[in-house]
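Participant: Sequence:
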Amino acid sequence: MRINVLQHTPNEGPGAIQSWSHDRHHEMYIYHPYQFGNLPTADETDMLIILGGPMSPNDDLPWIKQERVLIQQLLDHHKPIFGACFGGQQIAKTLGYQIGKAPHKEVGWAPVYRQTDAIPGIPEQVIALHWHEEMFAIPDQAQLLFSSDLVKNQGFLLGDNVIGLQFHFEPLADNVREMAVNDNTYPLDHNDLHQTPAEIIAHGVPAENKQVMYTLLDYIANH
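What the sequence shown shows, in the UniProt record's numbering, is residues 1 to 223, in sequence order.
Accuracy of the hints is not assured; some may be wrong.
[As the list claims (entries may be wrong)] Calculated lysine-lysine pairs in the DSS-like style (CA-CA distance at most 25 Å, straight line):
no. : residue 1 : residue 2
1   : Lys101    : Lys152
2   : Lys101    : Lys65
3   : Lys79     : Lys210
4   : Lys210    : Lys152
5   : Lys79     : Lys101
6   : Lys152    : Lys105
Keep in mind that the hints were calculated from the coordinates and are not lab data.
My request is simple: use the sequences and hints to build the entire structure.
Facilitator: As structure tokens, then:
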């Protein structure tokens, strides 16, 4: 399977998604549309991964709109799609749903709670990394997948092949350090989780996060 990854900032890479791709013997191609403007075609995409970034789907940038054309083509062909943060918002925006400010800015570690049993093997509660202040509306045809204490719309499952998350399961320890030292002013401004970059790094990545990431990707890859 060819896994095409859309990465939107240098410090938010695929992390455990890349580990999953290696362990499942897939081929991964990483695109940087914000820098180079290149995107894969739908025909050469078996699974699309859309990562996070500091931009908004509401920004008037050509490559952001071009990503949504690709997402729509893959939706039309029932191909697996996974989006994290900006990526999840891009999926929702493609489906015609609003992206706006969340009721709380969440930056740091906080629990998310499973809202459906549709995907077997997901714990009822997982401590996830949050790094956002915008939020997607849940598509009418999708199931609410996760919520947090501060933001209800944390994840959705669309059919059996599309998952959008507002938060991050994919970062490994090196990725968390990379995010925190490079985007180190973002957690300090009106953050309702009240965590500093040093505290975010010191928390460490819960061991189960990588397994949950694998479970989600296995589910959409096999349907």
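Participant: Are the Cα positions of Lys152 and Lys105 separated by 25 Å at most?
Facilitator: holds, 13 Å
Participant: Quickly compare the C-alpha distance for Lys79 and Lys101 to 25 Å and report which way the hint goes.
Facilitator: At roughly 29 Å apart (the allowed maximum being 25 Å), Lys101 and Lys79 break the hint.
Participant: Does Lys152 sit within 25 Å of Lys210, going by the straight-line distance between their CA atoms?
Facilitator: The given pair, whose Cα atoms are some 23 Å apart, holds under the 25 Å limit.
Participant: Hinted pair, alpha-carbon criterion (25 Å max): Lys79, Lys210. Please report holds or violated.
Facilitator: It holds: about 23 Å lies between the C-alpha atoms, which stays within 25 Å.
Participant: Please work out if Lys101 and Lys152 have their alpha carbons no farther apart than 25 Å.
Facilitator: holds, 13 Å
Participant: Can you confirm whether the C-alpha distance between Lys101 and Lys65 stays at or below 25 Å?
Facilitator: With Cα atoms ~20 Å apart, Lys101 and Lys65 stay inside 25 Å; holds.
When held up to the earlier numbered hints, the structure conflicts with hint 5 and nothing else.
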